[in-house]
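So the protein lines, in turn, are chains C and F.
All the letters of the first sequence, read from the start, carry residue numbers 1 to 349 under this note's numbering.
All the letters of the second sequence, read from the start, carry residue numbers 1 to 206 under this note's numbering.
If you're looking for bench data, these hints aren't it; they were derived computationally from the structure.
Please read all numbers here as calculations on a predicted model, not as lab measurements.
The beta-carbon is built from N, C-alpha and C at its ideal position, and this holds for glycine as well.
A portion of the hints provided could be inaccurate.
From the structure, some residues in chain C lie toward chain F, with a derived Cβ separation under 7 Å [as the list claims (entries may be wrong)]: (1) V9; (2) L12; (3) P24; (4) A25; (5) R31; (6) A37; (7) W38; (8) H45; (9) Q49; (10) R51; (11) V255; (12) A259; (13) I260; (14) A261; (15) G264; (16) L341.
Listing some non-contacts, in silico: residues in chain F with all C-beta distances to chain C over 10 Å [stated by the list, open to error]: (17) G29; (18) S43; (19) R47; (20) P57; (21) Q65; (22) Y94; (23) T142; (24) H146; (25) P153; (26) M177; (27) K178; (28) R196.
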Amino acid sequence: MNETREDDVRRLIQRAGPRPTLPPAARLRLRVAAEEAWHRKVQNHRRQQRRQRRGRLVRWSAAVATLAAAAMLLLVLRPTLWSPQGDPPGASSVLGPVATLLSAQGALSFEGVPRGGATLPTGATLSTGEGGRAALWLEARQAELRLDQNSRLRLVSPDTVELERGALYFDASARPLEGEPAPAFQVLTPWGTARDIGTQFEVRLQEEALRIRVREGAVLLELPRGEGTHRADAGVELTLDTASVARGDDPDAFVQRAAIATHGPAWQWVLEAAPPFEIEGRTLGEFLGWLSRESGWRLQYDTPALGERAAEIILHGSIAGLSAEEAVDVIVAGSALSYRLEEGVLTIY
Amino acid sequence: MATLTRPTVVDFPPPALADKALVQKMLDGDQGAFDDFCEEHFSRLYRFSLTRLDRDPDLALEVTQATIVKAIESLENYRGEAPLSAWLYTICRYEISAYYRKKKRTPAMRSVEDLPDVDAALSSLSLELANPEDELSQKELTERVHAALDRLPTHYGNALEWKYFEGLSVVEIAARMKTGPKAVESLLTRARNAFRDGFTILATAR
């Protein structure tokens, strides 16, 4: 093509501007829907193929049985990818997915993940940019992990992640495991390992500090090379001065402990990073339980009868775009009830 | 007077055959084929819907999702006689029409792409056209350029945008595509020809 024709193309494309892009959250939604439909389709397709093969087998066997010859019959059955129960094909790793992406906002990037995939295998890395947040479901631990903006996380194994920068929030309270105690989950950082022994906590790598805040349960901070272990229970924050440690000072001497609130603005990003709660068809009790857990509030009902009533009120509509306070305002008022929120305690009356 | 010429570059295998192979692999449970399908078609279907639904992103997403699910559920019906994208666009048009019927509304604007002659002609003919900007408003120009880009294979459209909108060099594009500069130069030539053919058809349609 000569230069004039190339100039035509350049001029047109530059004048038109870029094509609209599909936002990451929208792409994720399409991916999840498409993957469900595809799994069902492949299962049905395989069932049809098995039926057809069985039909051919019956006809073939009948033909052989009628033959008088003593020829040997070699039958080769193609191996199926899925179990008879119809498990879907796994992600790229032979070990299966370590985590599933539940929701995403803003700028995100992946490494070691199938293109457009929503399941993350061992070794995968997830990074968020300015304004980016993500929520993951950890299969082995049956817990949720959220990543704040400007953060980078690597999935080391089903029960271990490495936080390379930024902050993450771990929450095992959404679906408590029954029976055997849950396997401990650990967060590796350049300055120490945070090991959970209960349910909700944040790990944040700041410029010159590693900070761990516990909302519920407890976390152990293990310093490298056996240089000490520090425990933080709910309402406690541990801060390690990493600048001093980098200078060669004893890290055990640079861990500070402070009391913190388990609710309030410092935890706001956790709620913003949460997968959206769809109220349509859910009960008021479920909504209040979810909101309290995500906001760090303690939920109480003025009377037991009110708690029973909340479990019977069915909600309709959407709270998309509302803050926690706006949502409780609208929902509780719409249910002909009242509430007060004082010092992190949400009381329904 | 318009001059008709045949395209001088033929991609092997023909796109529809490659699409048929992709669909068969998807039916066989091939994760890579499914990933390719998502990568190739999600964005263009979304833009196709956006243009026809008053640029409402939420509605476009709903329709795109419905289209993709319906398409996957009837994958075995794709015969490979036309490109997979054309088959998907047909399903998408149906979903959009269903939306308007449900709302008892008529679309505010009919896309020129949906004219039967244009749709059929987009795959192979080339017309000479001078100064399309003189004849089209900015909005019409944008719509037709984007439609022409979306009619191309994804890597063609991406390469053109990277070169002419983002200003990337051939070497930089080659790094993004994980291939060599010569392959990118050859791809850009084919992409420009295909874009120009598609755009002139859209620009002359009324």
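Each hint tested on the structure:
1. V9: holds (5 Å)
2. L12: holds (5 Å)
3. P24: C/P24 check fails; min Cβ-Cβ to chain F is 11 Å, beyond 7 Å.
4. A25: With Cβ-Cβ at 10 Å, over 7 Å, it is violated.
5. R31: holds (6 Å)
6. A37: Hint on C/A37: holds, closest Cβ of chain F at ~4 Å, below 7 Å.
7. W38: Cβ of C/W38 sits 5 Å from chain F, so the hint holds.
8. H45: holds (5 Å)
9. Q49: With a closest approach of 9 Å, the C/Q49 hint is violated.
10. R51: Violated, about 15 Å.
11. V255: The hint is violated - C/V255 has no Cβ within 7 Å of chain F, the shortest such distance being about 44 Å.
12. A259: The hint is violated - C/A259 has no Cβ within 7 Å of chain F, the shortest such distance being about 44 Å.
13. I260: violated (39 Å)
14. A261: Status violated, d = 36 Å.
15. G264: violated (32 Å)
16. L341: violated (31 Å)
17. G29: About 4 Å separates F/G29 from the closest Cβ of chain C, which leaves it inside 10 Å; violated.
18. S43: violated (5 Å)
19. R47: violated (6 Å)
20. P57: violated (8 Å)
21. Q65: Given that some Cβ of chain C is not farther than 10 Å from that of F/Q65, nearest at about 5 Å, it is violated.
22. Y94: holds (17 Å)
23. T142: violated (4 Å)
24. H146: violated (5 Å)
25. P153: The assertion about F/P153 holds, with a minimum of 14 Å to chain C.
26. M177: holds (13 Å)
27. K178: F/K178 clear of chain C: closest Cβ-Cβ about 12 Å, beyond 10 Å.
28. R196: Non-interface label on F/R196 violated, nearest chain C Cβ at 6 Å vs cutoff 10 Å.
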